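Residue numbers (the UniProt record's numbering), protein chains in the order written: chain P, 1 to 391; chain Z, 1 to 391; chain G, 1 to 391; chain U, 1 to 391.
The hints are simulated quantities; they were obtained by calculation from the structure and are not laboratory data. Misleading hints may appear alongside valid ones.
[Stated by the list, open to error] BS3-like mimics (lysine-lysine), calculated; alpha carbons at most 25 Å apart, straight line:
id, chain 1, residue 1, chain 2, residue 2
1, P, Lys-31, Z, Lys-104
2, U, Lys-78, U, Lys-131
3, U, Lys-155, U, Lys-131
4, U, Lys-31, U, Lys-104
5, P, Lys-382, Z, Lys-104
6, Z, Lys-104, P, Lys-374
7, Z, Lys-382, P, Lys-31
8, G, Lys-382, U, Lys-31
9, Z, Lys-155, Z, Lys-104
10, U, Lys-31, G, Lys-104
11, U, Lys-382, G, Lys-104
12, G, Lys-382, U, Lys-104
13, G, Lys-131, G, Lys-89
14, U, Lys-382, G, Lys-31
15, Z, Lys-374, P, Lys-104
16, Z, Lys-206, G, Lys-206
17, G, Lys-206, G, Lys-131
18, G, Lys-382, G, Lys-367
19, G, Lys-31, U, Lys-350
20, P, Lys-367, Z, Lys-104
21, P, Lys-89, P, Lys-374
22, Z, Lys-382, P, Lys-104
23, Z, Lys-367, P, Lys-104
24, U, Lys-206, P, Lys-206
25, G, Lys-367, U, Lys-104
26, G, Lys-367, G, Lys-350
27, G, Lys-78, G, Lys-382
28, Z, Lys-31, P, Lys-104
29, G, Lys-104, U, Lys-367
30, P, Lys-31, Z, Lys-31
31, Z, Lys-31, Z, Lys-382
32, U, Lys-382, U, Lys-31
33, P, Lys-382, Z, Lys-31
34, U, Lys-155, U, Lys-78
35, U, Lys-104, G, Lys-31
36, P, Lys-104, P, Lys-155
37, Z, Lys-350, Z, Lys-367
Treat the numbers as computed from the prediction; the structure is a model and nothing was measured.
Protein chains: 4
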Amino acid sequence: MASQALTTALDGFRIEVPSWGFANTGTRFGKFAQAAAATSIEEKFADAGQVHALTGASPTVALHVLWDMPNGVADVPKIRELEQRYGVKAGSINPNLFQAQEYKFGSMSNPDPAIRRHALDHLLESIEIAKALGSRDISIWDADGSNYPGTQSIKRRIEWLEEILVTAHEATSEDQRLLIEYKPFEPAFYHTDIADWGMALHLARKAGPRAKVLVDTGHHALGTNIEQIVAWLLHVDALGGFHFNDRKYADDDLTIGSIDPYQVFRIFHEILSAPAAATEGVAYMIDQSHNLKGKMEAMVQSVVTAQELFARAALVDRATLATLQDNCALVEAEECFRDAFWTDVRPAVKAWREDRGLPASPLLSLKESGYVEKAAAARGAKNAGSVSSYA
Amino acid sequence: MASQALTTALDGFRIEVPSWGFANTGTRFGKFAQAAAATSIEEKFADAGQVHALTGASPTVALHVLWDMPNGVADVPKIRELEQRYGVKAGSINPNLFQAQEYKFGSMSNPDPAIRRHALDHLLESIEIAKALGSRDISIWDADGSNYPGTQSIKRRIEWLEEILVTAHEATSEDQRLLIEYKPFEPAFYHTDIADWGMALHLARKAGPRAKVLVDTGHHALGTNIEQIVAWLLHVDALGGFHFNDRKYADDDLTIGSIDPYQVFRIFHEILSAPAAATEGVAYMIDQSHNLKGKMEAMVQSVVTAQELFARAALVDRATLATLQDNCALVEAEECFRDAFWTDVRPAVKAWREDRGLPASPLLSLKESGYVEKAAAARGAKNAGSVSSYA
Amino acid sequence: MASQALTTALDGFRIEVPSWGFANTGTRFGKFAQAAAATSIEEKFADAGQVHALTGASPTVALHVLWDMPNGVADVPKIRELEQRYGVKAGSINPNLFQAQEYKFGSMSNPDPAIRRHALDHLLESIEIAKALGSRDISIWDADGSNYPGTQSIKRRIEWLEEILVTAHEATSEDQRLLIEYKPFEPAFYHTDIADWGMALHLARKAGPRAKVLVDTGHHALGTNIEQIVAWLLHVDALGGFHFNDRKYADDDLTIGSIDPYQVFRIFHEILSAPAAATEGVAYMIDQSHNLKGKMEAMVQSVVTAQELFARAALVDRATLATLQDNCALVEAEECFRDAFWTDVRPAVKAWREDRGLPASPLLSLKESGYVEKAAAARGAKNAGSVSSYA
Amino acid sequence: MASQALTTALDGFRIEVPSWGFANTGTRFGKFAQAAAATSIEEKFADAGQVHALTGASPTVALHVLWDMPNGVADVPKIRELEQRYGVKAGSINPNLFQAQEYKFGSMSNPDPAIRRHALDHLLESIEIAKALGSRDISIWDADGSNYPGTQSIKRRIEWLEEILVTAHEATSEDQRLLIEYKPFEPAFYHTDIADWGMALHLARKAGPRAKVLVDTGHHALGTNIEQIVAWLLHVDALGGFHFNDRKYADDDLTIGSIDPYQVFRIFHEILSAPAAATEGVAYMIDQSHNLKGKMEAMVQSVVTAQELFARAALVDRATLATLQDNCALVEAEECFRDAFWTDVRPAVKAWREDRGLPASPLLSLKESGYVEKAAAARGAKNAGSVSSYA
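Full structure from sequences and hints, please.
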């Protein structure tokens with residue numbers, strides 16, 4: 001059952017974990033603190049290293065500049081050391097353009113040129129950090145927008161955004177990429193400056209050849225056909241990568257495949273249908289917010305789920321499918337497609353893990369390792385600070 | 001132009017403001033602090049009093065138990081004094097069933113009976129506070145739910161909820177009401193225990209005759225016909241009141257009528273179409289989160305907008321409309337209906353204000369009063385604590 | 001692998017096929033005629049009989065009164081004969097309250113009492129037909145509503161609807177049921193008189209004890225948690241049955257499980273979680289519109305997919321799951337739940353079929369039988385009438 | 001009150017009516033025939049002429065090739081004569097790529113090259129018709145897509161589409177334009193080949209400089225900020241025009257502004273905010289389906305509503321607004337913006353009509369003219385053919 005297609009697929013599949021996925025997060029209504037949550041960049045690296053040790057599939061960790069490297073480039077040596085110590089490397093670099101009080105009415109498209117300059121400076125610093133760390137990708141999430149009709153000029157904000165992204169792109173080196181994310185709403189509730197893939201694509205092209213589009217699977221209106229957008233971005237050679245998560249309503253940031261696993265399978269199918277050359281640079285990244293699940297359990301579960309869904313997609317008999325599609329043999333095509341989805345790949349993935357010297361069941365091994373309990377003991381007091389109690 | 005219908009409508013229109021609407025709020029991505037935001041229950045009363053002084057239409061302020069009365073019933077004398085000093089009364093009492101760490105997996109429908117007991121105790125305390133303050137309404141927002149399929153038993157949680165609400169209802173006095181709110185998602189992202197009006201209605205009936213349904217206009221799936229739900233709740237004598245706000249996407253908590261003013265008009269039309277007896281107890285309350293707009297400006301604007309939209313709805317010629325509806329004269333009925341919506345009631349509302357000794361233009365008077373600047377000077381340092389800076 | 005749970009589940013699983021599912025259908029933009037589509041009630045029975053012969057799981061066929069029994073009760077002997085000849089029985093009876101020109105502005109809630117009387121008469125005739133055929137269920141889909149705000153009185157239409165349903169219920173015999181369907185929009189585009197489960201539940205209760213709610217899985221706003229509604233309807237003993245289909249956008253009437261198979265699994269899980277007594281009357285029915293897929297292929301595929309997803313749901317270890325839910329062991333509960341979903345039940349279902357003397361692969365057997373080709377030859381000329389050509 | 005801005009705006013505002021808007025239409029559940037509906041191209045021209053005579057704002061009528069000119073270019077002289085007789089000119093030309101049986105699995109992106117060639121031929125014929133009629137715009141609505149995951153290759157269909165559009169563009173003359181429409185779903189229910197503005201923009205650019213994007217206001221996922229898309233299309237010089245209509249749920253094809261008038265105002269504001277040069281070619285067209293409203297009444301109402309909302313948008317004090325936007329004076333900016341929306345422009349529009357020798361109240365004049373009754377008398381028998389009766 002561990003077919004060659006599946007083995008090749010699993011050998012080539014890597015998914016980046018986010019440093020912020022190990023720290024406490026919440027909703028606007030509050031945060032439920034976990035004793036074992038990471039409270040420092042070192043703890044985040046330790047956790048990410050453990051996930052990779054268990055799964056063999058997450059060798060890099062995404063960093064959020066303000067949260068993980070508050071001293072900017074000066075923090076690079078520390079990160080280098082953590083990479084060595086914990087066996088995972090720094091991955092994509094994420095500027096923070098939404099947290100500072102200055103950004104109340106926008107960062108890159110704020111009407112105030114001084115604030116736009118702040119935003120640009122932070123972007124440029126992030127690019128420098130990425131260079132120093134050898135990180136290829138700078139992932140730009142622009143949270144800007146407006147909350148009420150008429151309160152901002154949509155058009156002028158486009159122009160400001162273009163200007164900054166062009167300048168940022170000029171600062172990148174040949175082997176770097178700017179990934180431009182889009183999102184329809186939240187935290188802005190009337191208009192978001194980069195609301196959909198069409199806007200992100202325009203900006204990426206305006207910025208330059210090393211700018212690509214970043215697809216966060218939770219950033220679409222309900223009903224949107226995400227795999228079609230993926231196919232289009234591949235078609236126009238502009239797919240930079242993914243922030244994977246799942247949702248039922250809005251940007252719920254749930255575990256990948258937890259609500260609609262068939263959709264993830266379809267996304268992977270589009271990628272596997274494209275020429276290898278078109279997809280080799282595509283970055284798979286997790287961007288989730290586990291408010292209730294245990295951080296470590298959820299991250300291991302996420303990586304495993306991604307692997308299994310990728311393996312299912314790898315099993316699609318694409319040659320047969322193409323013929324059935326050409327013949328408009330709808331039911332047969334659908335059955336061919338779903339045969340792969342319904343195949344229980346778990347035994348084969350387990351076999352692959354054992355072949356590669358990895359734990360057969362990463363979640364079980366995590367549990368048996370006592371890692372979470374130890375982390376809770378070591379970090380509990382630090383996390384307790386954010387814990388209030390009703391009693 | 002200041003027709004009798006309009007005068008009567010405005011004389012009878014009252015809308016409650018929320019204490020939390022004067023304090024800093026934000027999204028899960030952060031909070032932009034305002035220097036003039038209220039930092040204490042006294043400041044909230046001062047602000048609410050000012051809104052009422054300017055509009056004459058917001059004589060009560062909703063209180064959030066944990067935030068406004070941390071000592072419970074012991075805080076009642078203090079509230080009494082603030083009512084006197086600032087000329088607004090305590091309105092609905094809002095228990096807090098979402099903030100304590102114990103509520104991570106639910107409050108009233110937590111699988112742990114001890115936690116459910118905590119939630120019940122808080123409800124009972126809230127009812128006691130309401131009695132002591134002479135507040136008719138206890139507004140219950142149940143934030144409980146689950147984030148992932150299979151992780152909780154939907155059915156058993158219904159039973160737990162029923163049990164608690166029955167007990168809480170027993171504790172209310174004859175002149176009190178339990179208002180049960182519903183919401184489809186957030187902060188729970190897979191299922192919310194009270195997700196729609198049908199669930200809230202069942203629970204209200206199970207609880208007892210003094211339990212009614214609370215409609216938050218932002219708590220519906222996109223596309224939902226909210227005025228139809230209002231008509232149904234009136235039909236079954238179960239409409240308790242409203243939390244007004246507007247939204248374009250999810251529970252965006254924007255200013256009433258800022259995105260879809262025609263919808264608010266239609267809601268008011270349903271209420272004005274019902275027999276007066278059926279609607280006299282309906283509570284109009286604002287529940288908004290002005291993350292970017294100035295708190296005071298936004299609240300005055302909200303009250304004024306609500307007045308104007310209510311005035312428009314009061315102008316509908318309902319007798320003529322009924323005949324046109326009976327005759328299925330669609331275009332004529334629609335034109336009759338919209339004639340009221342398109343009427344510019346602002347001059348008439350201004351005239352009504354002057355007749356009642358109120359400022360003709362509340363927003364302008366607020367600006368000229370310098371109230372916000374004085375508040376900022378007095379409160380700025382306290383609010384600065386939550387302000388971080390990029391520079 | 002063919003566990004006892006699975007065998008019991010499959011032995012007990014029956015899903016009704018709709019007569020109209022074998023005839024040509026389309027969208028408002030046109031109809032693509034199929035040569036093999038059924039053009040008469042006899043051909044529909046022949047097709048339904050063939051589906052049942054292949055799957056062993058669809059022993060009844062839903063009838064649409066106007067389309068299948070234009071002479072009303074007088075057509076009963078003919079139906080009886082077809083039941084005998086084709087080995088499937090008449091199932092639910094579906095009145096038609098949307099097609100007649102009189103119903104332009106509504107049927108049961110038309111402002112014109114004469115038209116409401118027409119609608120009632122048709123309901124009463126449908127009940128008589130059902131009695132004569134021994135059909136338990138009359139499925140009422142009320143397509144009424146309005147297209148523009150203000151053009152109809154939402155409230156008065158509720159009253160008219162109540163009145164008719166009470167009268168209809170009185171006409172039912174003890175062993176009959178009225179199933180009341182809800183739908184948020186289409187063909188009405190502003191308000192639909194029975195828009196959601198809360199409205200349907202109220203009307204069912206008003207009508208009487210033999211009225212229940214019918215859930216069409218395509219009749220919800222995007223994002224709605226359908227399995228939660230199922231759990232609630234079971235909780236209040238009001239779940240009458242299902243019209244199964246799938247959709248990505250609106251009421252797309254696609255094949256069950258073709259867009260979101262996990263959702264169907266979750267619905268079945270809620271049913272299997274309820275006490276057997278609460279669910280024994282629940283009717284499973286298909287209501288799909290295969291505009292492009294071959295009618296027979298699609299129907300066989302639908303029944304097989306329903307069986308397989310029901311089998312998956314039957315494998316959930318509900319005792320273990322309940323404990324994990326009680327302990328709020330989220331990841332473990334989810335893994336327990338999904339273990340059943342990911343199990344490849346196809347070999348076991350195939351084994352069950354062989355045990356029961358059924359074709360191991362119904363779709364393959366359909367193909368090998370040449371049934372569709374024969375039908376096309378016999379019916380092609382009749383279907384060609386509706387075929388126009390560009391050339 | 002009839003300010004210069006408003007007069008200029010009204011003098012320059014023209015909106016095209018669709019020939020198909022005068023004929024009977026319906027939903028997939030049936031069609032309610034109107035006695036006065038147009039049954040021939042002559043009657044459609046007569047109706048359009050009457051709408052223009054009443055409003056002075058709809059001098060052109062959009063034609064649907066297959067329905068209105070079944071003989072193609074040979075029908076041009078007849079159309080010329082109708083233009084003369086009824087005082088309205090042929091406007092945009094609409095190919096029909098969805099009705100022929102050959103198009104079951106697609107037209108321009110059908111896997112069968114012969115069918116793609118049919119589609120291209122029809123496009124080329126439509127371009128020739130447009131040339132012969134002196135029509136600038138060919139409006140291409142591509143209804144193609146697929147209903148089930150895996151049944152078609154999304155990617156290859158993009159390539160086929162590009163190929164055809166490039167060829168069609170080559171056939172256009174310098175003063176012609178191809179308008180490419182997008183739509184997320186219906187009649188295709190899994191993927192639509194041109195699903196959003198990003199896809200339409202790519203195809204327009206691929207096709208050539210005379211291809212632009214056509215925005216149908218009903219063709220977006222719920223929640224989409226349409227005015228932002230308009231601003232973007234203006235920014236990239238690719239806005240070709242609009243198909244105006246309103247909706248609450250899907251592509252409901254309701255009267256413009258009947259559900260959300262504020263949204264139409266915001267769209268017009270974006271256009272009026274752009275440089276005149278950028279918007280002078282933008283085509284305003286109505287595309288509605290009045291299944292229940294009287295055809296003529298609804299069309300007159302649509303044109304009048306569009307005029308009034310355009311007039312409101314013309315009143316926005318854009319210089320003041322820009323300053324307030326720059327200052328992030330949110331509440332003041334919003335009040336400035338909405339001051340125009342809330343202004344009752346009806347008296348001023350009436351005055352403008354009288355100045356221009358038009359009926360002060362087009363709807364009233366239509367009623368008094370007896371036009372509809374006369375049309376019903378003349379056309380009733382022809383329309384009765386499609387009327388069936390329940391009785």
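Out of the numbered hints, which ones does the structure contradict?
Numbers 3, 19, 34 - these are the hints that the structure violates, sorted from lowest upward.
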